[in-house]
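A.B. asks: Two chains, two separate frames, one set of hints: put the complex together.
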Amino acid sequence: MRKKVLALLLCAAMTASVLTGCGGKADNAGSTAGGESGTTQEASGTEQAEPAGESAVQETAQVEPSTTLSDKEVNIGYGTVIDSLTPFRANVANDSPYFVQLYETLGVLDGNREMQPYAAKSWETSDDGFTYTIEIWDTISDSAGNKITAADIVWFIEESKARALKPIFAKVDSVTQTGDYTLELKLTDNKFGTIDTILMDVFVVSKAAFEASSDEFGSSVVSTSPYVCTEFTASASISFERRDDYWQDIENLPECVRPLQKKVNYKLITEASQLGIALETGEIDMAINIATETGSQFVDNDNFVVDLSDGRSGWQVFFSGADTSPAANDVKLRQAICYGIDAQGLIAGLCSGYATQMWDVCSPFTVGFNENWKNESYYDYDLEKAKALLAESDYNGETLTILSSSSATASRLAQLLQNYLVAMDIKCEVNSVDMALYTSIRLDGTQYDMVINTVGEYSLADNWSIRFDPAAYATGDATSRHDYDLAELIYKTWTLDGFTEENINEVHEYLKESAIAYGLVNPQLFTVWSKASGLSKAVTGARRNYIVPSACQFE
Amino acid sequence: MLRYIVKRLLWMIPIILGVTILVFTMMIFCPGDPAEIILGSTAMEADLAAKRVELGLDKPYLIRLATYISDVFFHFDLGVSWITNVDIMSTIADRMPRTLILAVVTLVIAFGLGIPLGITAATHQNKWQDHVSMVLALIGVAIPNFWLALLLIILFSVKLGWLPAMGVGTGLAGIQYYILPALANCAGALANSARQTRSAMLDVIRADYITTARSKGVAERQVIIKHALKNALLPIITTMGISFGRMLGGAMIIETIFSLPGMGSYIIGAVNNRDYPIVQGGSIMLAIAFSIAMLLIDLLYAAVDPRIKAQYASSKKRKKVKAVA
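Top to bottom, those sequences are chains A and B.
The first sequence: position 550 = 550 (this note's numbering), numbered continuously.
The second sequence: position 80 = 1080 (this note's numbering), numbered continuously.
Since no wrong hints were added, every one of them can be taken at face value.
Calculated lysine to aspartate or glutamate pairs in the EDC-like style (CA-CA distance at most 16 Å, straight line): (1) B:1159 with A:283; (2) A:171 with B:1045; (3) A:147 with A:180.
Just a sample of chain B residues kept apart from chain A, beta carbon distances all over 10 Å, derived: (4) 1074; (5) 1234; (6) 1277; (7) 1295.
Keep in mind that the hints were calculated from the coordinates and are not lab data.
Every residue gets a Cβ at the ideal spot worked out from N, C-alpha and C, and that includes glycine.
Pulled out of the complex, with its shape left as it was, chain B reads as follows (with noise of 0.2 Å):
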């Protein structure tokens, strides 16, 4: 397994190589001059040929590209803001953790209400359970989340003033500060996963050995978390991993609308700027997440599904139960 793990983690170098190069390439053809939006409108011709070649602009692509790299891997040096002059290392580390307590709240939200949704459609199967949950998943993914947003708002801060509108909060009181942002941001994961539970165990439900648990009398609350939902996890957590990944980059428009200053924002915001070390940087440190993420899924797969834990199991141990075999 520890063998697995360090080969994903190598794998992961090429990845994030790639995406460097990648990305600093797009954003060398985006339209816009950067010396032009730091200096904003009041600067001359001088001023801003200056600025050019302090910002190494004049030079050539491939020379700017090597000294990116170079910074980046063997320096882990992502520059600093272009407008703002701030160190983007330390801006990720003091973003990064709110997109992420973010995510995993919505995560937890979305996760803990569907996948029970979907329990109770599959073993109610066409009845009314089924229908009304059906149409609640339908809803979920049907609602955009800034609509959400706004009703949530007015619900629970205006009229009920229960839990704030905006901002962020230090310590366990500011997780707060993240339940109306999670509700408005996880609709749309908790539909899916609500249909992704009902499709799989529908597919385990009807499995012989479900039937076999059943004739010897388990309970049937057992039978379906024990033996039906085990087996139909592995779908929910693929969904789940995509879910987290994609709310990793930052919910741009639940951090707008609650000021809550998370990678989606600054990255959105580098990019109207042509702020490109930003940007860069902002699309490595969300390469590497999204990379850790997958390797946790699949971490997960082998801690549920014991034959895909024997896949992972070095060669040496194979060889071992093959020989006690």
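With the rest of the complex left out, here is chain A (with noise of 0.2 Å):
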């Protein structure tokens, strides 16, 4: 009897919890057959599949730009925390779509990633990249009616080099006001992008501002922006309204800082299914770049729009250069491995189908990507010739290892490796660390043979700076290579002239032909709306042309 009541007991409780937890599907089942054709993509198996989410922008591109300012209140769910507002940050959630609406700076990058003016009127050089002489607008003020002069972002500048955060503000040699509203720039390099970056990291504050403060901006904020942070809860919200004292004619601005919303909240969700869970809710309207397995669940759902767009960064395979690796200096070995993964595996295998391959170690997003590279063959998957080249090579049955972090998406990727290693008889092992552990031994190119990286900076040439350059590290480049030749190639695009198309094709080459390094797999971003809000016009831009909510149109 006693047992008779427990096992009743049990059953009522799993009954009762399997209802509970069923269920959430039904709503989007129903709803499949009438899914937005040409915003939304299926999962392909391992067919590649069309990216969508290109079509998505443009049939919102149609729509003519809009300065006509709305008094719609939009709540926004994104999965990156910020503790403080203060100006002076590190680059760790440097990217998150609220400080478009936080801090006005220099320039901007809008939608098409080409920089505009925002605060600064204009900015030329007048030796090579070396030196600028910015001109900001003569009318800028803060929220608390402080008028702002180049003194102000002289001072922005000296104290961001000073604390040392953002090792961008270490190429600043010096930085002098030259008028009230000019100041002259000089930096320590004149690679491309350089000044690109400045522009975007430089924030306009108010220096007596900033000093009035008790907490140094830490919990509130004096504004530059059109918008005036009205609540921050640390690590959970954060909410701006648009000000009415703005100093800016709106037609003047870049589209993607228009303030076209009158109120937009943002909770900041760092657990994946609770953002799906606040969509579903309607306590948000919108989710920017959601995790794969959250997004997914709302294609084909009649109430919701699925935006897909290419990943910034990509996932890379970089082979060591250190002389103890088998694939320092063994380029058969190399592109054999190359030869032997099949890309479309890794999109149907690591991303459900919502990916794309890649053409090169960096992402179509970055700045100086050829898209007539999406023509040419990449290491089409071939396992008959990656055992010939196999067979051609240096290699001895040695075991290689594959260095990568512990997240979820690297360690799965390096398994999905090894899996393609041991199809092509390659003994190897995986070395999955902590990503505290991973940073400090990545450079170290003795210390593995292949190493999993997500890498993916404004620029090409910032790219092959921070990951082929010899000079950039104590032990050579970022896997202890000391390749000059192409070193040599590499310093050529790096000035404002020498970042042409041709000195571009060159470097894309030899990286191709050494097989130094190999551009693997392209996961896509999520972003994704409900119906219900009304949204007509999705506008992006900034530093990751994310789709910027207080600058898009609602009907």
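C.D. replies: Below is the structure:
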């Protein structure tokens, strides 16, 4: 009898939990047929899926830019949290969409990835990118009424350099005020993209307001942007309201920073499934950069629109350049491995089909990427060819080590890679380590034969300098390699005049032929919004080209 | 009693000093270069070297330790986060109340339900009420809190729309944000308190003074609550104290699932980022909070048991009592 009662109770508990847990999919399943074509993409097995996100952008791009200010309040979910609003910060969370509303910058990237003046009126170089004269608008004032002059910009740059939280400010040699609204910026290098990054990273802040703040703008800021922060709970939420006293005419602003919405509230939700739940319950109108597993649940759901766009970084494998590695000086072995990896298999296995193959070590999102590369073959999967190249190589059955961080994606990618190598009869082991340990050994090529990374900087010049410049680190390049032929090609692309298609192609071809690094797969970014929100045009822009909710058009 | 409290508070100094030295030393041996973590993958060797010098990582261990101890104990300065450059003390001041509220609400639910459940089980030993209570306690111990959290969210937020699934609120209305996290967090503590109460009550319920009370015609309800429960409270209070201390560390999983910015997620995030000052500062604050919680538990002992209260009385008072006797 006692056992029966126990069994009954357990059954009841299980049934209750199953009934409670199930049913969430019913709405989605019922709406599959009516899914909006062109804006969403279905999992496609090993078939290369069409980049549906692009069609979403094309569709919305037909709507003219608007300058009509609405009284709308939008609620946005985003997964990266911040603990402070301070303008002096490391690169962590730098690409978060709320920074567009938090601080005005000297320049801002528009949806076409072109730098547009924002607080800066103009900038020009006098000696091939080493010295810049920057002029700011003479009408800038913050929400407390402080007038912004060149002295404030000079102070911010000097302070950023002194605090050394962002490496980009180490490239500032000196900054001098030359007039009320002009300044001269001298750089230590003239690499392509350096000035753009500085223009994006200089927050326009009144020195007087900052110094008057009790916590260095930690919990409340005096705003120069078209919005003012009205509420901030560290790691939980941040809200903005459009300023009535904003200094600039709306039509003079780049489209991505136009304050079309009256209020924008961000809920900072780190747990991916909670972002999905917040969308379903209507707590948020839009989730930006939502995880694939959660975002894919909204594909073909009649109540939501899913926007897919190319990943910003992609995943790469870099071969060790240290002499202790069999792969360091054996181009046949490296090429064999590249031919033995099935990119379409990675798309299906790693990203459930929501990814694109790569055509270079860098993602197509990177400034300088040549669209023609997409028409070239890039180590198309060919196991027979891989085995033939392996036979020609000096590989003698050594066990190769793949280093990856222990993040879910990286370690899974490492396992998939291991399987491909085993299929080619290459002995292989995976070393998945904690992120902190990973960062401390990733530059030491003696610790691995291959390292998996996700690198995505502003431009190809940036990417190449941090990965392949033999002078960058004490041990050589980022894998302890000393390839001076490659370095010569890379250095040619660094200057403003040298960042040409011809020079870029030379580096691309060299990297492809030498196979010292290989682009594996590029997971797509999911942004999901509810149809009930009435969004009619999604405007993208800023550092990572995410959708900027404050600039979007709603019906 | 006051003397005892002061003595206990003074004892906290070497405890916190010990925790400080231990945590500081352990962080030194953790792998990972903070300079690289702060500056990211775009930093070159020269930037990294400069950052290491700025952080004082080039100085000997003892000098760094001495500087840190001096800052903490003489200036009450836990430093700033290496990643966000934010003052740690003010961040803890923001986050600690949320963790405290979550812990208190959890304990109120856990012990508010657990104690009656345990009493019912004890007073109906080997009957169906006992079995049902203990099965519920068993389920409570066995259910993982993250699974329960997801079920609660689906039921109360998605299906019924009664309670918020995430975030924090302000004022009295803000309490609603703690209900689901507390319910998900309390299953284990509820089960433990029910089992502990049952066990303690069974020990007491057969005592002679309970039989005496019943024979004097005292109502059964009074016998259980006034005579039996009061004497069974000591082990229950101990369980409560340990649970409270554990919850002060922050229910990391619960805080993450419910996007509740408390101490748990703060410290875990710092560990992952090798943000040493936060880990050290957070650990010191938790050591202080735990010590205070243990002191409160000891004082509660005294409140429910006059024998313990008598032990805390000063020797002067005790002499006075003896003289009167």
